[in-house]
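Visitor: Sequence order for the protein chains is A, B, C, D, E and F. Residue 243 in my numbering sits at position 243 of the first sequence; the count goes up by one each step and never skips. Residue 273 in my numbering sits at position 273 of the second sequence; the count goes up by one each step and never skips. Residue 14 in my numbering sits at position 14 of the third sequence; the count goes up by one each step and never skips. Residue 196 in my numbering sits at position 196 of the fourth sequence; the count goes up by one each step and never skips. Residue 267 in my numbering sits at position 267 of the fifth sequence; the count goes up by one each step and never skips. Residue 262 in my numbering sits at position 262 of the sixth sequence; the count goes up by one each step and never skips.
Hints are not guaranteed to be accurate.
Copies of one chain are not kept apart here, so a pair can be met inside one copy or by any two copies together.
[Unchecked claim] Derived DSBU-like pairs (lysine-lysine); straight-line CA-CA distance at most 30 Å: (1) Lys-128 to Lys-310; (2) Lys-63 to Lys-22; (3) Lys-78 to Lys-233; (4) Lys-63 to Lys-310; (5) Lys-123 to Lys-296.
Calculated directly from the structure, the hints in this document are not laboratory data.
One-letter residues, chain by chain:
Number of protein chains: 6
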Amino acid sequence: MKYLLDYQEGERVVTYCLVKSKEAGVASNQSEYLNLELGDRSGTISAKLWDVTPELKDEIQVKAVIKIDATVQSYRGKKQLVIQRVRVATAADEVAMETLIPMSAVPVDELWQKLTEAVNSLKSPTLKTIVTEAIEDPETSGRLRSFPAGVRMHHQYYHGLLEHIVSLLAAAERLMPLYPLVDRDVLIATCILHDIGKLYELSDPIAPEYTTPGQLIGHLVMGVEMVSGICRKHGIPLGDAEVLHLKHCILSHHGDIENGWGSAVSGKTPTALLFHYLDMIDSKMNALGQTLTEMKEEEEWAYSAVVKRKIWRGY
Amino acid sequence: MKYLLDYQEGERVVTYCLVKSKEAGVASNQSEYLNLELGDRSGTISAKLWDVTPELKDEIQVKAVIKIDATVQSYRGKKQLVIQRVRVATAADEVAMETLIPMSAVPVDELWQKLTEAVNSLKSPTLKTIVTEAIEDPETSGRLRSFPAGVRMHHQYYHGLLEHIVSLLAAAERLMPLYPLVDRDVLIATCILHDIGKLYELSDPIAPEYTTPGQLIGHLVMGVEMVSGICRKHGIPLGDAEVLHLKHCILSHHGDIENGWGSAVSGKTPTALLFHYLDMIDSKMNALGQTLTEMKEEEEWAYSAVVKRKIWRGY
Amino acid sequence: MKYLLDYQEGERVVTYCLVKSKEAGVASNQSEYLNLELGDRSGTISAKLWDVTPELKDEIQVKAVIKIDATVQSYRGKKQLVIQRVRVATAADEVAMETLIPMSAVPVDELWQKLTEAVNSLKSPTLKTIVTEAIEDPETSGRLRSFPAGVRMHHQYYHGLLEHIVSLLAAAERLMPLYPLVDRDVLIATCILHDIGKLYELSDPIAPEYTTPGQLIGHLVMGVEMVSGICRKHGIPLGDAEVLHLKHCILSHHGDIENGWGSAVSGKTPTALLFHYLDMIDSKMNALGQTLTEMKEEEEWAYSAVVKRKIWRGY
Amino acid sequence: MKYLLDYQEGERVVTYCLVKSKEAGVASNQSEYLNLELGDRSGTISAKLWDVTPELKDEIQVKAVIKIDATVQSYRGKKQLVIQRVRVATAADEVAMETLIPMSAVPVDELWQKLTEAVNSLKSPTLKTIVTEAIEDPETSGRLRSFPAGVRMHHQYYHGLLEHIVSLLAAAERLMPLYPLVDRDVLIATCILHDIGKLYELSDPIAPEYTTPGQLIGHLVMGVEMVSGICRKHGIPLGDAEVLHLKHCILSHHGDIENGWGSAVSGKTPTALLFHYLDMIDSKMNALGQTLTEMKEEEEWAYSAVVKRKIWRGY
Amino acid sequence: MKYLLDYQEGERVVTYCLVKSKEAGVASNQSEYLNLELGDRSGTISAKLWDVTPELKDEIQVKAVIKIDATVQSYRGKKQLVIQRVRVATAADEVAMETLIPMSAVPVDELWQKLTEAVNSLKSPTLKTIVTEAIEDPETSGRLRSFPAGVRMHHQYYHGLLEHIVSLLAAAERLMPLYPLVDRDVLIATCILHDIGKLYELSDPIAPEYTTPGQLIGHLVMGVEMVSGICRKHGIPLGDAEVLHLKHCILSHHGDIENGWGSAVSGKTPTALLFHYLDMIDSKMNALGQTLTEMKEEEEWAYSAVVKRKIWRGY
Amino acid sequence: MKYLLDYQEGERVVTYCLVKSKEAGVASNQSEYLNLELGDRSGTISAKLWDVTPELKDEIQVKAVIKIDATVQSYRGKKQLVIQRVRVATAADEVAMETLIPMSAVPVDELWQKLTEAVNSLKSPTLKTIVTEAIEDPETSGRLRSFPAGVRMHHQYYHGLLEHIVSLLAAAERLMPLYPLVDRDVLIATCILHDIGKLYELSDPIAPEYTTPGQLIGHLVMGVEMVSGICRKHGIPLGDAEVLHLKHCILSHHGDIENGWGSAVSGKTPTALLFHYLDMIDSKMNALGQTLTEMKEEEEWAYSAVVKRKIWRGY
């Protein structure tokens with residue numbers, strides 16, 4: 001099947017897609033038009049709809065699924081769709097979510113399976129209880145199967161956070177034998193729970209925005225409060241050393257507070273420090289991987305917003 | 001009554017005091033001596049005890065109350081006690097705590113009275129419940145009547161934190177009428193609870209050290225968790241706007257995260273920003289006030305560790 | 001009366017307004033047009049004038065008052081005027097200044113009254129002379145009744161600086177009783193004179209730009225030189241402690257030099273430090289207040305350029 | 001066998017050790033004494049030698065091996081040796097180097113074996129040639145079997161650099177399968193060669209100091225020049241992509257230049273970024289590991305100079 | 001002769017110029033157009049070519065020389081060319097390079113002469129050999145006669161690097177007598193070689209882009225490697241003090257590493273520090289000179305991107 | 001003649017010197033002693049006076065000139081005097097100032113001559129008046145013939161500021177021909193007046209301390225106020241372009257305000273920027289020159305507090 005970004009200049013496109021943003025304007029001939037951003041699993045493209053009627057202008061809302069008939073043109077060096085016909089999709093169209101948004105390449109069930117194995121491997125009853133309870137909460141569990149790891153930076157696609165967690169678990173398992181002072185169970189629990197607050201910091205998995213609690217409290221403290229809530233429910237003392245250690249790792253996983261990247265405390269154990277670097281590695285490798293994969297065949301260099309410089313394919 | 005720092009060079013001192021630190025050494029004649037730091041409500045002074053016996057060396061422990069007979073001498077430009085006789089105090093000596101450590105000049109009951117008035121003035125039932133519950137908890141209440149606001153920087157004396165809170169309450173009440181967008185009840189509650197976590201971040205009011213939870217979690221998040229605990233107990237929803245706002249003010253009261261001073265989020269409401277500056281004002285004024293008060297009559301300038309420069313008496 | 005920003009999409013607007021900026025262009029049909037920014041007391045809006053004649057192009061200059069007949073349209077998500085008819089206003093139109101530019105909500109005479117009371121309250125003859133002389137200078141006095149506190153950041157409207165001063169005076173009066181080491185007269189004089197240099201750093205109150213002396217010397221040093229000029233005139237010795245203290249507070253009111261915000265020295269007295277924080281509070285509260293007031297009813301969050309993040313209405 | 005730091009206060013010590021530093025002084029009785037720092041594989045301790053003769057004062061030089069007969073005393077809270085008798089060791093004493101300085105716990109031959117396996121695993125003939133040539137150079141090879149990874153921070157003991165390399169190789173091998181965009185051979189070669197310049201930046205493995213070339217050029221550029229020298233010798237073109245990539249990884253391994261930690265360029269490939277984080281992990285884990293290992297049984301917290309804060313044992 | 005930027009609004013332009021950038025678009029009437037940036041020795045101007053044919057669209061490539069017949073119009077406050085006729089130039093047009101790109105005002109032969117004199121003045125045989133060899137290499141020599149000192153910041157025109165070198169040589173000669181601890185020969189050699197790596201860091205003198213080695217290694221290390229290559233060829237020992245000093249000056253000429261401006265080491269000799277400041281002076285003076293020269297007669301202030309603020313003509 | 005630092009360990013010293021600091025202590029035998037810092041033109045050395053009488057303790061004050069009979073000993077690796085006999089010098093001793101404090105190697109009259117020539121070379125009557133008036137003021141003139149350029153960093157010796165000015169004048173004269181956009185007269189005037197405020201920021205030339213005005217206002221603004229005072233006296237308008245330019249150069253000579261080094265504005269003209277770098281060069285060359293000159297013959301590297309790293313002699 002062919003997706004939005006697979007079409008070349010001059011081709012005709014008939015497909016379903018998602019409205020990501022919308023802006024109305026008035027042309028020099030005084031008729032109205034819409035500037036749209038449309039998306040499907042291949043990514044995002046801008047589109048122009050000339051001479052839009054007031055009805056259509058109302059119907060086409062952000063997050064709507066629409067069917068378009070359009071032509072690919074070049075505008076300021078980039079592909080742009082000029083839409084000839086458009087209508088909002090209905091249930092009858094049976095459009096599958098996975099065709100509409102970018103998605104982790106790994107199936108969600110496979111990721112969940114690995115997550116479960118990691119939970120089962122925990123030896124500490126305390127940490128096993130906390131992690132199990134956290135991810136088996138129906139609301140959290142549903143979100144964890146769909147949310148991205150963020151709005152823009154890395155793993156920013158459907159069930160991207162779960163992919164990030166599973167990738168971190170693998171990295172942690174592989175490095176731990178080298179550094180025996182690291183607390184295995186705390187590190188595993190941190191991999192799983194470090195960003196758990198993001199499931200409530202962000203609004204939804206399709207077009208995520210920051211929620212009000214997300215902006216006021218932040219996902220680090222939100223995650224810590226989820227842990228404490230579970231402890232209270234299960235009678236786990238809040239002064240338990242493993243609980244303190246897990247919370248410390250979550251609160252410090254953005255690095256030293258002097259960096260100004262949003263940790264609430266600076267890491268003070270080998271486990272906390274190691275996790276911070278693993279998180280840096282996994283997020284950077286994912287972001288650079290996306291940039292390199294989207295690079296044109298004939299290019300050697302491409303700009304990466306995550307590291308704010310051009311990166312090299314390396315051959 | 002005359003205290004340790006009131007004695008001049010050459011005078012004899014017979015008094016009770018607290019052992020703040022202790023270090024053993026061996027003199028060039030091979031006999032043992034002790035370097036001590038002794039303190040009472042007037043402050044701290046170094047002392048030397050030559051030819052100490054093994055028994056005495058054991059008895060004189062940090063946080064012990066002792067009775068000394070000593071002479072004031074000058075050593076490297078500073079006053080120093082040379083102890084002739086010493087013994088550990090007993091219950092029979094009936095030494096009063098307030099003679100042994102520096103203490104807020106305002107009586108604790110007067111401060112508590114003002115705190116209670118502020119609590120009673122809260123119109124929001126939610127915030128009133130949270131604040132009341134927090135300070136009426138027996139453990140917390142006891143600590144709040146004795147703990148300093150910190151180890152070194154400002155209000156670092158007996159019931160200094162309570163004095164700091166009451167001072168902030170006064171400042172907040174006075175400025176609020178000028179800035180109507182500030183949420184009065186949230187600001188009052190923040191004044192009272194912003195450092196409440198310090199009561200558990202520090203070990204005790206006499207010779208405070210950082211506790212393990214204090215170093216791993218920090219007093220901002222500890223305070224927020226105390227608020228959440230009370231909400232759970234009283235069925236106050238965690239998504240309540242006032243609760244979110246209060247927690248936001250606590251988490252952001254060290255200023256923007258880019259500063260690297262330990263906020264977990266940057267302030268995003270007028271109330272949060274105003275509180276941060278009030279806290280800066282009250283802590284700086286207290287610290288500079290101490291420096292200026294301790295200044296010698298004939299000096300115009302004195303070094304202040306808090307602002308890392310010399311400050312001027314201003315006349 | 002209805003102002004520029006009160007009109008909705010589709011409405012016709014016939015009103016007087018001020019030309020804030022102007023840019024000529026050539027349309028694809030080779031005719032010329034103007035992109036204008038027009039303003040009145042309600043704020044600023046962009047406008048398009050198609051098929052402009054060379055005469056009109058010349059007449060419509062920045063800072064001109066014009067009368068327009070236009071329609072409100074939407075362009076890239078914002079309201080824009082499309083002008084059908086336009087002419088330059090004449091004296092006969094009797095357009096009142098207060099309808100043309102944003103203005104403090106408090107009447108200037110009320111503000112001036114409060115300023116005068118503060119001056120009269122000064123006990124120090126030296127400081128009273130300096131402040132009185134400064135604000136009674138005819139040129140300065142006229143400017144102080146009209147200038148904004150800045151081009152963009154806070155109190156950026158007609159007699160905004162005076163409003164800022166009066167607000168600071170109120171804040172200072174209210175906090176001073178709490179911090180007895182602060183020098184009352186110096187603090188009051190600093191509130192009044194800290195930005196006095198801005199009256200010459202900026203060109204005019206309508207469309208202020210930075211003057212050449214303003215850019216080369218800056219308003220801190222300009223203010224200090226005004227103080228020194230008055231001292232010389234009145235035989236006040238430049239080494240007078242109060243004069244030094246006042247100048248120190250002016251030179252340090254942007255905070256520590258390490259911040260890189262433009263202080264010439266770092267604050268070294270309680271008075272200087274307190275004033276810096278009061279200035280931060282008053283400017284931030286004003287800027288956030290404007291953002292919150294302009295927020296749409298249905299929004300919870302709005303971007304504030306002053307704190308470079310989204311702020312919350314807080315309910 | 002018992003080493004310097006194994007002795008307790010009051011015990012008599014008769015052993016061989018290394019003079020690390022020496023300072024002469026005059027006692028109040030006008031006789032001369034020496035303050036020494038003595039070391040063996042257990043670490044470093046201060047020592048006092050009273051009434052030293054001019055001959056002895058000359059004989060006891062830094063880096064000399066001496067035999068002492070001394071008593072352990074306590075001085076300012078630390079153990080100190082008071083030396084009764086001392087003489088310089090001779091060949092006849094047959095003192096083994098490994099008893100005199102701290103040393104990696106892993107035997108050098110085992111480390112070298114692992115290094116060789118990594119070299120053999122390289123598939124790129126270019127990189128294999130470069131790495132082989134580098135470590136088989138007799139001078140470099142000898143140094144690599146003895147030098148620490150630095151003067152103070154991490155792996156600062158005999159053949160510590162080799163241990164660090166082998167540890168990095170293990171970490172790299174383990175993480176690479178997770179990040180397929182990383183160039184395996186370049187990463188392995190970087191693990192081996194990233195600090196190769198340190199072998200000439202430092203003077204010797206016993207009491208390393210910075211050499212003049214080390215201070216003027218730095219070990220990053222020194223390492224790159226060693227790579228280029230080998231390329232020239234073997235006719236490998238300097239523009240070869242793998243060579244450029246290897247040199248890039250060496251030059252950027254201290255992180256982004258904006259950090260100011262001494263990289264010559266910022267990393268621009270996944271391989272370069274990954275290596276930087278692996279190096280951070282391995283050096284921090286080693287340093288924290290040493291601090292935690294040296295911690296007293298009864299302590300929960302100890303200061304780590306590498307992270308400039310107290311760290312927690314984590315139990 | 002009249003160049004691109006000499007023409008005023010409304011004038012017709014018939015001239016040769018260079019295509020600097022090119023972007024295709026589709027107008028609202030569905031015909032294609034090109035947005036071009038055209039340049040000649042007077043600078044750069046944007047141009048529009050409406051209704052472009054596919055053939056023409058192909059022919060007009062970046063770095064092509066074209067002949068245009070166009071009119072100057074005003075677009076968004078700037079001059080813009082609207083092209084009526086255009087063709088690609090051929091050899092028969094005999095267009096001289098110096099009419100097509102901005103160029104140092106000083107003839108290249110005069111600059112080269114001064115460079116040669118500086119080389120001849122070197123007393124150190126070692127440094128004389130290195131510098132001579134470096135600039136007489138045919139490839140390097142050709143590049144040095146044409147390359148700019150950078151893409152954007154200063155001396156960014158034909159043989160701009162050579163002009164920068166000669167200007168630095170003059171500055172160095174003039175200051176050296178004042179600072180006798182500076183090593184004359186090393187300073188002269190550094191003036192000549194400090195940016196020699198730029199000749200390979202950049203692609204070409206007409207429309208320079210960063211090369212792959214340039215981005216991976218950087219011109220500082222590239223220059224140092226050129227020096228080492230020459231040393232190897234001539235048997236100059238790499239540990240020679242003058243060679244080390246020269247390399248140190250090259251590696252540190254961007255200032256202290258803490259600044260994050262890309263030095264590989266911080267300067268540690270008077271010569272290295274002096275050179276850094278001379279380089280700052282010469283580059284800033286050149287950049288500001290260009291801004292001031294391009295300023296309109298009636299302006300007092302103009303924005304300088306190099307210092308990121310407005311600068312004053314100073315009269 | 002032999003000075004304090006010329007004597008070696010074991011030698012007897014009989015000489016006049018200056019008391020730089022004094023500290024009383026009590027020995028273990030309960031007798032009093034003094035720790036002194038003594039200085040003469042060769043530098044500073046510590047000294048011990050055992051068994052001091054109360055009378056002597058009173059007589060020996062900081063800044064007193066004393067005559068000592070002492071022996072050089074070694075204490076903690078440094079030379080130290082042990083004083084056998086001491087008395088305060090009287091007028092009858094006819095001790096010459098130049099033997100007592102470090103002093104510029106260039107005679108003051110020669111420096112003053114060069115200063116005068118620079119003043120005479122000014123073409124601008126305005127600037128000539130300002131500079132002449134400034135340095136001919138009797139108080140200022142006297143101070144300028146004796147004050148150091150600072151307490152510690154560079155030119156920190158008798159008439160060091162004058163030497164610094166003359167050195168800057170030479171550097172400015174030499175570089176100006178290369179940068180024609182620099183305003184010659186403003187640059188010359190800035191060389192002379194940039195630190196003129198230091199003459200009142202510091203207390204005296206022998207043992208300079210910061211004065212109260214110096215700490216509250218700082219030498220940049222103090223200098224600018226001196227310039228304004230002269231302008232007022234001579235009827236030079238404060239808005240005069242040359243005066244503004246001169247004041248701008250003084251206020252910006254510590255570099256961009258973002259650096260946090262104490263400029264009141266960032267430099268905005270070529271003249272201001274050039275002067276900042278010349279000042280950096282001259283101060284760094286002087287400081288490094290002192291470090292290199294004091295280096296022991298056998299050392300290659302020495303620590304420089306000014307650049308906070310070891311510097312290399314460079315051979």
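Visitor: Next step is simple, just say for each hint if it's right about the structure.
Guide: Hint check:
1. For the identical chains of this complex, Lys-128 and Lys-310 are inter-copy neighbours only, at 29 Å across copies versus 43 Å inside a copy, given an alpha-carbon limit of 30 Å.
2. Taking the closest pair of Cα atoms, Lys-63 and Lys-22 come within 30 Å of each other only inside a single copy of the chain (10 Å); across copies the shortest separation is 35 Å, beyond that limit.
3. Proximity of Lys-78 to Lys-233 under the C-alpha cut-off of 30 Å is found in neither arrangement, the shortest distances being 54 Å within a copy and 48 Å between copies.
4. Taking the shortest Cα distances, Lys-63 and Lys-310 sit within 30 Å of each other only across copies (23 Å), while inside one copy they are farther apart (32 Å).
5. Taking the closest pair of Cα atoms, Lys-123 and Lys-296 come within 30 Å of each other only across two copies (27 Å); inside a single copy the shortest separation is 47 Å, beyond that limit.
Consistency note: the structure conflicts with earlier hint 3 alone.
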